[in-house]
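J.: The C-terminal residue of the sequence shown carries number 172 in my numbering, and the numbering is unbroken.
Do not take every clue at face value.
Said to hold, decoys possible - DSS-like, lysine-lysine: derived pairs with alpha carbons at most 27 angstroms apart:
#	residue 1	residue 2
1	LYS100	LYS160
2	LYS160	LYS135
3	LYS4	LYS100
4	LYS100	LYS135
By construction, these hints were calculated from the structure, which means they are not laboratory data.
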Amino acid sequence: MADKFVIRAGRLTLRPLGAADGEQVVGLLNDYQVSRWLTVVPHPYRLSDFNGFLTHLADTSPLGGLAIEEYGQVMGVIGLDPTLGFWLGRVHQGRGIMTKAATALVDWAFENLEIDRMGSGYFRGNAASRAVLTKLGFRETGVIERVSCVAQGNDMELIKLSLTRDDWQRSQ
Numbered sequence: 001m002a003d004k005f006v007i008r009a010g011r012l013t014l015r016p017l018g019a020a021d022g023e024q025v026v027g028l029l030n031d032y033q034v035s036r037w038l039t040v041v042p043h044p045y046r047l048s049d050f051n052g053f054l055t056h057l058a059d060t061s062p063l064g065g066l067a068i069e070e071y072g073q074v075m076g077v078i079g080l081d082p083t084l085g086f087w088l089g090r091v092h093q094g095r096g097i098m099t100k101a102a103t104a105l106v107d108w109a110f111e112n113l114e115i116d117r118m119g120s121g122y123f124r125g126n127a128a129s130r131a132v133l134t135k136l137g138f139r140e141t142g143v144i145e146r147v148s149c150v151a152q153g154n155d156m157e158l159i160k161l162s163l164t165r166d167d168w169q170r171s172q
């Protein structure tokens with residue numbers, strides 16, 4: 001699945017992150033308005049943080065960090081390891097990009113992986129992530145966890161959601 005793994009979604013390409021993506025990712029993620037909604041991303045975000053993430057991906061799963069790319073430009077990252085997580089650079093938000101990228105990854109996962117359910121979550125107050133997840137058919141599980149947000153330097157409420165294969169297939 002390494003470097004040749006690609007999911008296409010119209011004009012978007014989802015592919016494993018690589019060292020050459022570092023400057024673009026750092027430029028987008030070194031924005032508090034983006035990093036404040038993510039659990040383990042520090043602010044400021046540096047190239048050393050990105051390189052550490054690449055090392056983590058090499059030790060875990062390449063599905064954990066896929067570049068969302070359009071016309072050779074990285075706009076954000078999406079992953080499934082084991083839950084669905086994503087972020088998009090602020091300049092790219094509000095255009096339906098994440099919904100399209102997430103739909104493509106969820107579709108690929110239910111077609112190619114032996115899973116019947118997929119989890120995700122969003123920090124209370126993150127209306128954009130909530131909207132993407134509910135458009136995909138994710139449902140709140142009733143579970144709310146307090147988790148650390150590195151960029152904010154405190155614990156936040158993470159609202160957990162779930163999507164079953166059956167619900168996904170019915171919605172397509």
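J.: Look at each hint and say if it fits the structure.
T.: Status of each hint after checking the structure:
Our distance criterion of 27 angstroms between C-alpha atoms is met by LYS100 and LYS160, whose separation comes to about 21 angstroms. Under the criterion of a C-alpha separation no larger than 27 angstroms, the hint pairing LYS160 with LYS135 is consistent with the structure, at around 15 angstroms. Note on LYS4 and LYS100: the hinted pairing holds, with a Cα-Cα distance of about 21 angstroms set against a maximum of 27 angstroms. Between LYS100 and LYS135 the alpha-carbon distance is near 10 angstroms, which keeps this suggested pair within the 27 angstroms criterion.
Hint compliance for this structure: every hint is met.
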